[in-house]
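A.B. asks: Sequence:
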Amino acid sequence: MASTEDDERLVDLLQQARNDELETVINYQTNALALSGVEAQEIVDSLSTDVQEELDHAEEIGERIGVLGGKPRGSYDIEMSQESLQPPAEATDVLTVVEGVIEAEGDAVSTYEALVDAAEEADDPVTEDLATELLADEQEHLAEFEGFREGLLDE
1 MASTEDDERL VDLLQQARND ELETVINYQT NALALSGVEA QEIVDSLSTD VQEELDHAEE
61 IGERIGVLGG KPRGSYDIEM SQESLQPPAE ATDVLTVVEG VIEAEGDAVS TYEALVDAAE
121 EADDPVTEDL ATELLADEQE HLAEFEGFRE GLLDE
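Residues in the sequence shown are numbered consecutively from 1, following our numbering.
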């Protein structure tokens with residue numbers, strides 16, 4: 001059974017994960033709107049699809065935060081730090097966006113790995129299952145965008 005200290009640690013990690021998911025939603029949507037050109041459409045479509053998935057992640061995480069006794073953060077308390085996901089200077093610079101997504105997804109994978117470990121230590125199988133599910137989703141996104149990068153670099 002998790003202690004109050006364990007719950008606080010899990011809530012902190014969940015807050016970080018939710019923060020990242022919400023920031024990712026903003027940046028994926030912005031980049032999907034900002035990109036143009038022949039090479040952009042597949043990336044735009046993927047980003048647009050991922051926006052809803054990342055938003056769903058944020059909602060699931062927010063629900064879990066509440067169950068553990070926390071309160072999901074509002075916009076004033078969300079820190080934005082995804083510098084690499086800012087829209088590129090040139091609307092056709094698809095590679096910069098793809099590399100930004102790879103960095104963001106890699107960060108998400110690391111966060112969810114830490115959350116899986118913390119939930120296991122806290123003997124919280126529900127949070128562990130949620131983190132494992134979200135980790136798998138982020139690993140899929142990461143692999144997809146690594147594939148996009150390979151394709152762009154091969155051209």
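These aren't lab readings, by the way, just hints derived from the structure by calculation.
Note that the coordinates shown come from a computational prediction; the quantities given were computed from them, not determined experimentally.
Keep in mind that a hint or two might mislead.
Label-pair restraints from in silico Cβ distances [unchecked claim]: (1) 91 - 120: 20 to 30 Å; (2) 139 - 78: 47 to 57 Å; (3) 155 - 77: 21 to 31 Å; (4) 8 - 81: 19 to 29 Å; (5) 151 - 121: 35 to 45 Å.
Even for Gly, the Cβ is constructed at its ideal location relative to N, Cα and C.
A.B. asks: Can you give the numbers of the hints that this structure goes against, from lowest to highest?
C.D. replies: Violated hints: 1, 2, 3; rest satisfied.
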